[in-house]
Each structure stands twice: as structure tokens, then as C-alpha cells.
Amino acid sequence: MTTFSLKELLDLAEAEGRARYAEGYRAGLAAADEARAAEWAEEQAETLDAEAHAAAVAVVAGLADAPLSRSFASLNIDPMTADSDTLRQAAGFMRYREAERVRAHVAGEVAA
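Everything in the sequence shown is counted per this note's numbering, starting at 12 for the first residue and increasing by one.
It should be emphasised that the hints constitute simulated quantities derived from the structure, not laboratory data.
Misleading hints may appear alongside valid ones.
What follows is a set of in silico ranges between Cβ atoms, one per label pair, in the way DEER data are often shown [what the hints assert, rightly or not]: (1) Glu45 x Ala66: 28 to 34 Å; (2) Ala56 x Pro90: 46 to 52 Å; (3) Gly119 x Ala65: 44 to 50 Å; (4) Ala115 x Ala56: 55 to 61 Å; (5) His64 x Ala115: 38 to 44 Å.
Computed list of lysine to any residue pairs in SDA-like fashion (alpha-carbon distance at most 25 Å, straight line) [claimed, not checked]: (6) Lys18 x Tyr32; (7) Lys18 x Arg29; (8) Lys18 x Ala30; (9) Lys18 x Gly28; (10) Lys18 x Ala33; (11) Lys18 x Arg31.
Predicted, not measured: the structure shown is a model, and the values here were computed from it.
Even for Gly, the Cβ is constructed at its ideal location relative to N, Cα and C.
Throw the hints in and build the complete structure from the sequences for me.
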């Protein structure tokens, strides 16, 4: 059986206390880093949201004053007041019309 002197016991207790203090200190630093990272991510998300909103406002302001494009005018659609389904259908129709135009052009080149 090992016996320790009072000085050795105090040294062991001090070493254990220092180890626990260092562990708690590192845990505190890690928690602070996580909190700062979360705060930074939240600030970045808010900044991006504000920038996206500002860009959307600028686009809408530009569209509001711009003349109606021929593509939308040919379909009798006002892009400022149309709902998303109507705009999706119009975009699909425009893609289809462009694909047909390209196919006709390619067919004309092949025939020539």
C-alpha cells in the first residue's frame, strides 16, 4: 500500500485542479468560438437577404418603367402583374418556340 505525504497530496490536488481549469478554459473558448461563428453566419444571412431584396427592388423598378418586351407582348402577358404559373407557362412556350425555330433553321441547312 502506497502512502502519500501531505505535500504530495496537495501537489496531486493542485495538478488535478489545474487540469480541470485548463479543460474548462478550453471548453469556454470553444463555446465562445461557436457563438461567434453562429453570430457571423446570422449576420451574413441577413446581409445576403438585404442584398437580394435590394436587387429585387431594383429589377422590379427597372421593369416597371421599361417598355413591355415583345415576347411578353406577343403572349398578351404583363410580367409585372402575372402570377408565377402564367410566367412559367410563358417561359415554357418561349423555349418551345425557340427550339422549333432552331430545328427549322437546322433542317433548312441540312436540305441546302
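To test your reading of the hints: which numbers does this structure violate?
2, 4
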